[in-house]
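Trainee: So you can see what is in the structure, the chains are spelled out below.
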Amino acid sequence: MRRKAVHHLFRLATGVCAAAACGVFFLIVWAIASRGWAALSWRFFTEQIRLVGADGGIFYNLLGTLILLATALAASAPTATALALLHGVYLRHHPRPRRLLTLALTVLNGVPSILFGIFGLIVFVQWLGWGKSWLTGGLLLGFMILPTVTVSLMERIAGLPARYLEAAAGLGLTQSQIVRSVILPQSVGGLVTGSLLGLARAAGETAPIMFTATIFAGATVPNGIKENPVLSLPYHIFVLAQDSFDPAVGAKVWGTALVLLGVVFALSLLALPVRLKAHEEAREG
Amino acid sequence: MARRRRWSLTKAASWTFSVVALAGIAGLAALFAVQSLPVWKHAGWGFLTGREWFFRESLFGAAPMIYGTLVVAAVALALAAPVGIGAAVFTSEFLPRRWRLAVKLAIELLAGVPSVVYGLLGILLLRNWVYDALEPFEPLSGDTLLTAGVLLAVMLLPTVMTLAEDALRGVPGAQRAAARGLGLTATETVLHVTLPQAAPGILAAVLLSLGRALGEMIAVFLVVGRQDNQWPAPVHSVRPLLEAGQTLSSKLGGAEINIAYGDPLHWAAMAGLALVLLLLVTTLTLLGARLRRTDHAT
Amino acid sequence: MHVIRLGAAVAAGWLAVAPGFAAGPLKINGSTTVNPPVAEAAELLRAEKGLKIQVDTQGGSSGGISMLAEGMVQLGMSSKHVSAADRSKFPACDFREIHIGEDAVAMIVSRDVWEGGVRALSREQLAGIYEGRIRNWKDVGGPDRRIAFFNKEPGRGTWEVFVHWLYGDAKKAPSVSFPEVGGNEEARNKVASTRGAMSQLSSSWADGKRVFALGLKRDGRVIGPSSENIASGAYPMSRPLFVLTCGEPQGEAKTMIDFLVGERGQALVKKHGYLTLAELKNPEAARDAGR
Numbered sequence: 001m002r003r004k005a006v007h008h009l010f011r012l013a014t015g016v017c018a019a020a021a022c023g024v025f026f027l028i029v030w031a032i033a034s035r036g037w038a039a040l041s042w043r044f045f046t047e048q049i050r051l052v053g054a055d056g057g058i059f060y061n062l063l064g065t066l067i068l069l070a071t072a073l074a075a076s077a078p079t080a081t082a083l084a085l086l087h088g089v090y091l092r093h094h095p096r097p098r099r100l101l102t103l104a105l106t107v108l109n110g111v112p113s114i115l116f117g118i119f120g121l122i123v124f125v126q127w128l129g130w131g132k133s134w135l136t137g138g139l140l141l142g143f144m145i146l147p148t149v150t151v152s153l154m155e156r157i158a159g160l161p162a163r164y165l166e167a168a169a170g171l172g173l174t175q176s177q178i179v180r181s182v183i184l185p186q187s188v189g190g191l192v193t194g195s196l197l198g199l200a201r202a203a204g205e206t207a208p209i210m211f212t213a214t215i216f217a218g219a220t221v222p223n224g225i226k227e228n229p230v231l232s233l234p235y236h237i238f239v240l241a242q243d244s245f246d247p248a249v250g251a252k253v254w255g256t257a258l259v260l261l262g263v264v265f266a267l268s269l270l271a272l273p274v275r276l277k278a279h280e281e282a283r284e285g
Numbered sequence: 286m287a288r289r290r291r292w293s294l295t296k297a298a299s300w301t302f303s304v305v306a307l308a309g310i311a312g313l314a315a316l317f318a319v320q321s322l323p324v325w326k327h328a329g330w331g332f333l334t335g336r337e338w339f340f341r342e343s344l345f346g347a348a349p350m351i352y353g354t355l356v357v358a359a360v361a362l363a364l365a366a367p368v369g370i371g372a373a374v375f376t377s378e379f380l381p382r383r384w385r386l387a388v389k390l391a392i393e394l395l396a397g398v399p400s401v402v403y404g405l406l407g408i409l410l411l412r413n414w415v416y417d418a419l420e421p422f423e424p425l426s427g428d429t430l431l432t433a434g435v436l437l438a439v440m441l442l443p444t445v446m447t448l449a450e451d452a453l454r455g456v457p458g459a460q461r462a463a464a465r466g467l468g469l470t471a472t473e474t475v476l477h478v479t480l481p482q483a484a485p486g487i488l489a490a491v492l493l494s495l496g497r498a499l500g501e502m503i504a505v506f507l508v509v510g511r512q513d514n515q516w517p518a519p520v521h522s523v524r525p526l527l528e529a530g531q532t533l534s535s536k537l538g539g540a541e542i543n544i545a546y547g548d549p550l551h552w553a554a555m556a557g558l559a560l561v562l563l564l565l566v567t568t569l570t571l572l573g574a575r576l577r578r579t580d581h582a583t
Numbered sequence: 584m585h586v587i588r589l590g591a592a593v594a595a596g597w598l599a600v601a602p603g604f605a606a607g608p609l610k611i612n613g614s615t616t617v618n619p620p621v622a623e624a625a626e627l628l629r630a631e632k633g634l635k636i637q638v639d640t641q642g643g644s645s646g647g648i649s650m651l652a653e654g655m656v657q658l659g660m661s662s663k664h665v666s667a668a669d670r671s672k673f674p675a676c677d678f679r680e681i682h683i684g685e686d687a688v689a690m691i692v693s694r695d696v697w698e699g700g701v702r703a704l705s706r707e708q709l710a711g712i713y714e715g716r717i718r719n720w721k722d723v724g725g726p727d728r729r730i731a732f733f734n735k736e737p738g739r740g741t742w743e744v745f746v747h748w749l750y751g752d753a754k755k756a757p758s759v760s761f762p763e764v765g766g767n768e769e770a771r772n773k774v775a776s777t778r779g780a781m782s783q784l785s786s787s788w789a790d791g792k793r794v795f796a797l798g799l800k801r802d803g804r805v806i807g808p809s810s811e812n813i814a815s816g817a818y819p820m821s822r823p824l825f826v827l828t829c830g831e832p833q834g835e836a837k838t839m840i841d842f843l844v845g846e847r848g849q850a851l852v853k854k855h856g857y858l859t860l861a862e863l864k865n866p867e868a869a870r871d872a873g874r
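Each protein sequence line maps, in turn, to chains E, V and L.
When we follow this note's numbering, the leftmost residue of the first sequence carries the number 1, and every step to the right adds one.
When we follow this note's numbering, the leftmost residue of the second sequence carries the number 286, and every step to the right adds one.
When we follow this note's numbering, the leftmost residue of the third sequence carries the number 584, and every step to the right adds one.
Simulated from the structure, these hints should not be mistaken for laboratory data.
Some hints here could point you the wrong way.
Once the Cα atoms are required to be at most 25 Å apart in a straight line, the calculated SDA-like pairs of lysine to any residue come out as [said to hold, decoys possible]:
1. L:K632 / E:T46
2. V:K296 / E:G189
3. L:K837 / L:L627
4. L:K635 / E:G189
5. E:K4 / V:T474
6. E:K4 / V:G466
7. L:K755 / V:G466
8. E:K226 / L:K837
9. L:K635 / E:L66
Bound-form chain E, shown alone:
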């Protein structure tokens, strides 16, 4: 009898924890949506900022974030592929370098994002003299999400059925031919999933770009590399969060937060089905 009571109590306690966790999620989404919904309109998405955020829309902020994300993707996708191939193919029989590679990626994954920002400030803004540039922001974000994309791809390559590779070898293909015609095409899914997850994180990051790539107002479309910052959604929120006194600005900040949340959720949701399936498969073991 007592054992059953303990069981029910424990289940209740942990259930409360789970409910709290889910509750937090709904609370946060509701808090932002209820305050930001009023600001959303066609004008909000197509106009640019006026009156220091009190009027107008976030068109160029959205565009700036998209430019940064596209650059981050262009930078991280080939690099992640290169690292994953090194890990899965070219260094397959060299355990020591492989471990070093994984170690480096693990370390990179934990680096606080503000340190990417300061790194970029020193290397790109100061040494290279680029000033604030969209390219710097994209490269730093790509660097930051590299572990996410690479690990996803590495797991996919590791999971390729051996018979594909054996069959290809049996047909007399060279190693590079196997890579190009079997491994890469079969693991595109891993690249896509990893990229979507990485971009979801990159979209919301302020610290890597605030010293290096973004400003608050005035930038539209870049026309070069040096001295070409962009606007962005997270930096816009960051600046206005500190200037939150003016009621005219208030609704727009929440609206921007809601849009940013939408972008991040959309990217995460696209990657989710694959991730959930992978998690469940692990369970059945």
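Keeping the supplied structure of chain E fixed, place chains V and L upon it in accordance with the hints.
Mentor: Chains V and L in isolation, oriented as in the chain E frame:
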């Protein structure tokens, strides 16, 4: 075995990109180490133990910031770890599949909420709640180490939960079945069979979340108060929780980065803070990764 | 592949919105105090003349000075003079200060302090608070509550005016540790939402509804930060609003400067609560304007 040519375009490209990436990683660490050399020469170990930071007098003591960083992280984990692990246990052990996926969906999305959004919620909502709730203790304002810790706890919750759940699921189902077959209740199975085996992975979850907590900047910056030289007296006093403070990350994200730009010693001090933060976080990350590998190996 | 498709879409979108690749934009950075009229002037010039102007407020007045000197922006905004130290730090830049208006720094307090009876402070009292000797409002005639002083970040023009009045020189100011606030809006927000709070703030931003500007006690009189007192110099903590250049202003920078000192620009200065150049020359005009 496939025929192998010595070099192909694919292989060359792979090596090139990889070397650049790895050089970047090494460069990041080396950069902060090298740029901070002047301050190590100037203050030696005093940089870490000194309790006063007055840049205009070239006094650079980072101890209060290290203290602030650790306290905020401790508060965050004290709140997030029990709830996160409890939630992970419930989701992994007691929920049927459908519900589990639904909960996982909510938590994955929660993990993606950007820190600037948390910062917005913190500065406009949380700091007023904390200020009103702590009224009997007469806090100076709503910007305290405690506020930052609570905000960070909410941010860490999904990370702790997801990683802990991964660890729990790493335990083979056969073991659970065997335990139930012997007559243990589900709870006893969890407590005596599953949890002990998942322990390294759960510890890893906590360590990795701690690493994230130490490095979080934007949300903490907005609600921690950014007051320098707050040192607890006596050391174990809880009072600093109700006062404003400064963490390594909030200092790095603030105005001094711009001010230090032209001054070599001041800049070296900021690089020193970055280096300390990097070393702290990397240690935890590596420890956590080690434990996760141990967990998977069993 | 997905990547190629995504890349093509971005490129198409880019070409669709790019207005035309003209010369580089006019970049402006600096003080959050000077920002409102300049940012609005930039919007007007963008709309009417198609100029590309970027305005940012990184690092406040100090950030404006250093970024101008380093060539990262063409115009700096500052609510303090360029000091001798700045000039020797950046010898390559021939700093020119263009006066566009005047502002005062007020000590603002939260509602409970104001209604608790504190309406003015003397220099000695302010120094006592800043140095931590006076810690409770009751020691200066107010309610029994700890003084929650939010200090402006060093390097902000607002802070420099404050310590300049108290100690004569920013370098002579004692090193203190208070919670910090950055821009003017953050200061206003935090003071408004905290009991017993005080901070330094541009006087035009004290709305008298949630934050209240104290007067200064001098020689037995109480001098408030009214426009007349600022223009006549009676209120000591006033500071000029500058737009800065290196050398003679040229091209689009000159266009912006001419706009700001001209009629429409001065109207913007007035709109955002600061004193115009005309009112500065003629304090009676400021008083008659009823502000």
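Trainee: All the hints need checking, so say for each whether the structure fits it.
Mentor: Do the hints match the structure? See the list:
1. L:K632 / E:T46: Roughly 21 Å separates the two Cα atoms, so the pair holds.
2. V:K296 / E:G189: Judged against 25 Å, a Cα distance of about 21 Å means the pair holds.
3. L:K837 / L:L627: 15 Å, holds
4. L:K635 / E:G189: 42 Å, violated
5. E:K4 / V:T474: 13 Å, holds
6. E:K4 / V:G466: 16 Å, holds
7. L:K755 / V:G466: 79 Å, violated
8. E:K226 / L:K837: 23 Å, holds
9. L:K635 / E:L66: 21 Å, holds
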